[in-house]
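Protein sequences, first through last, are from chains A and B.
Counting from 1, one number per residue, gives the positions in the first sequence under the working numbering.
Counting from 1001, one number per residue, gives the positions in the second sequence under the working numbering.
Wrong hints could be hidden among the right ones.
Unchecked claim - Here chain B is said to cover these stretches of chain A; the calculated rule only asks that three of the stretch's residues, wherever they fall, bring their Cβ under 8 Å from a Cβ of chain B:
| id | region |
| --- | --- |
| 1 | 34 to 40 |
| 2 | 66 to 75 |
Unchecked claim - Lysine to aspartate or glutamate pairs mimicking EDC-like chemistry, simulated, CA-CA at most 20 Å apart:
| id | chain 1 | residue 1 | chain 2 | residue 2 |
| --- | --- | --- | --- | --- |
| 3 | B | Lys1054 | A | Asp184 |
| 4 | B | Lys1074 | A | Glu174 |
| 5 | A | Lys161 | B | Asp1178 |
As the list claims (entries may be wrong) - Distance ranges between label pairs, derived from CB positions:
| id | chain 1 | residue 1 | chain 2 | residue 2 | range |
| --- | --- | --- | --- | --- | --- |
| 6 | B | His1227 | A | Lys159 | 30 to 36 Å |
| 7 | A | Ala269 | B | Asn1130 | 57 to 63 Å |
| 8 | A | Asp277 | B | Lys1228 | 57 to 63 Å |
These are calculated hints, taken from the structure and not from any lab test.
Every residue gets a Cβ at the ideal spot worked out from N, C-alpha and C, and that includes glycine.
Take a look at the letters that make up each chain.
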Amino acid sequence: MILIQFLNALQFSMTLFLLAVGLTIIFGLMKIVNLAHGSLYMVGAYIGLSIFNYTESFWLALIFAPILTALIGAFLYTLLFRHIQNADPMKQVLLTFGLIYIGLDSVRLLWGTMSHSISAPSILSNPVLLIDEPYPAYRLFVITIGLLVLFSLYFILEKTKIGAKVRASVDDPETAQLLQINTDKILFYTFALGCGLAGLAGITVAPILGVEPGMDMEVLVLTLIVVVVGGPGSLKGALIGSLLIGFVDSFGKVYIPQLAQIIIYAVMALTLLFKPDGLYKR
Amino acid sequence: MPILKLNNVNTYYGKSHILQGITFNLEKPGCLALLGRNGAGKTTTLRSIMNLTKLSSGDIIFNNNNLNNLSTYKIARLGLTLVPENRGMFSSLSVEESLNIVDGNIKNDKWNKEKVLESFPQLKLKLKNNSSSLSGGEQQMLAIGKALLTNPKLILLDEPTQGLAPNIVIQLSNIFKDIIKEGISLLIVEQNINMAIDLANQVSIIGKGETKWTGSKESFLKNINLHKEWIGI
């Protein structure tokens, strides 16, 4: 039982991580809180749904939904985000908040207001036996995807020259430019990557949670909490924050259901009381 | 043809008119000391040259290239860079990574990581250290090392000896002399006027956002009033 809870919490944490990592990198590089990040997650799930319905292949949906979401991100960056980078925070909030409504209405217009489901691929649709408990293989797959993304990001950011350039651009964009680094180009690709990861989160949870309008707001609030608790702009913070919130939420719902609604907010309040800049300050 | 030419440069921070007409040339290879009291506009002048602060009017020309409206990284690729007052450490990068991200951006370059480490042997011992954990002097050496890796023709230095021990200041001063000998020009803003004048062959004085005087080191040294009026406390 506890193992099942543990795995559920880990799967939820990995989904939060896919979302939080994009939001936190974009914040670190641009100092913009993209409130429409949850919308990209929803759009990723819907694009995946259409690819799945059209091709009947979950695998094609898994590959192309994140890529198309990244392209939407690249488009939004070029059209909007690039121009509000140094604008005052209120303008940034209004713009990204407005995008939430545009995202929601676009989804309703294109796919309707009904909720949809995507079935997990047949190879992952049977439960596996863990010790003596059956556990959905698909959830293990989601955990694996999260871990793969985590390790790939870690490798790229910490072990490659381009990763060091990204970190330098987050640390001190002006000095990076003085050293001939084109920080705008880095921003563009990182923004698109962050959006692509939100799309990946959307398509990977679709077989578990379904696809419906409104799924964006649920994760947006949780993702913002993860980023604030972890420390905005910090990758380690995104990971630790995802695990903390993911585990507290999953275990809280099972063991103290009366407090399920407020427990993550309590965790956030406590964290900020003792660590006002989040667990990992940049 | 001057290496760097500033012609009636004006900039604003919001509504306050910070630079109200900066005009000077870096006429020949060597070092120009840019002097003036605190708040006179020296840092803003350096930032404007690199387009980190936008010009509202005027022209900045470097090696026949007009820098107006050019992105900072493109200006840097022309062979012009700035070592900022805060030394611009990348807090999540090690010393080695800080050098790696600059090294090899331009082909056939004269300055590479090996040569920088030869010039700053202290850094060799701390390659794996986090760059923000270095002492002030080491940070300044790393900042200059990174600047050299861009293979510049001209380096702008903003208060490079600020807060450093006297023996480190002497060491840095010798490094700057070597850099000038290598044919790289310097434009230095310094509170340590004796050191700046020692390096310089040209002097320009800023007061209240305007260029007040520009000339050779020799004529600056003869003109004691300049010092009293625009630099002394």
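Here is how each hint holds up against the structure:
1. 34 to 40: Coverage by chain B is violated for the region 34 to 40 of chain A (0 residues, Cβ < 8 Å).
2. 66 to 75: violated (count 0)
3. Lys1054(B) <-> Asp184(A): 17 Å, holds
4. Lys1074(B) <-> Glu174(A): Holds. Lysine 1074(B) to glutamate 174(A) sits at ~13 Å (cutoff 20 Å).
5. Lys161(A) <-> Asp1178(B): Judged against 20 Å, a Cα distance of about 30 Å means the pair is violated.
6. His1227(B) <-> Lys159(A): 30 to 36 Å: Taking Cβ atoms as reference, histidine 1227(B) and lysine 159(A) lie about 53 Å apart, which means the hint is violated.
7. Ala269(A) <-> Asn1130(B): 57 to 63 Å: The hinted range 57 to 63 Å is violated for alanine 269(A) and asparagine 1130(B), with Cβ atoms some 32 Å apart.
8. Asp277(A) <-> Lys1228(B): 57 to 63 Å: 47 Å, violated
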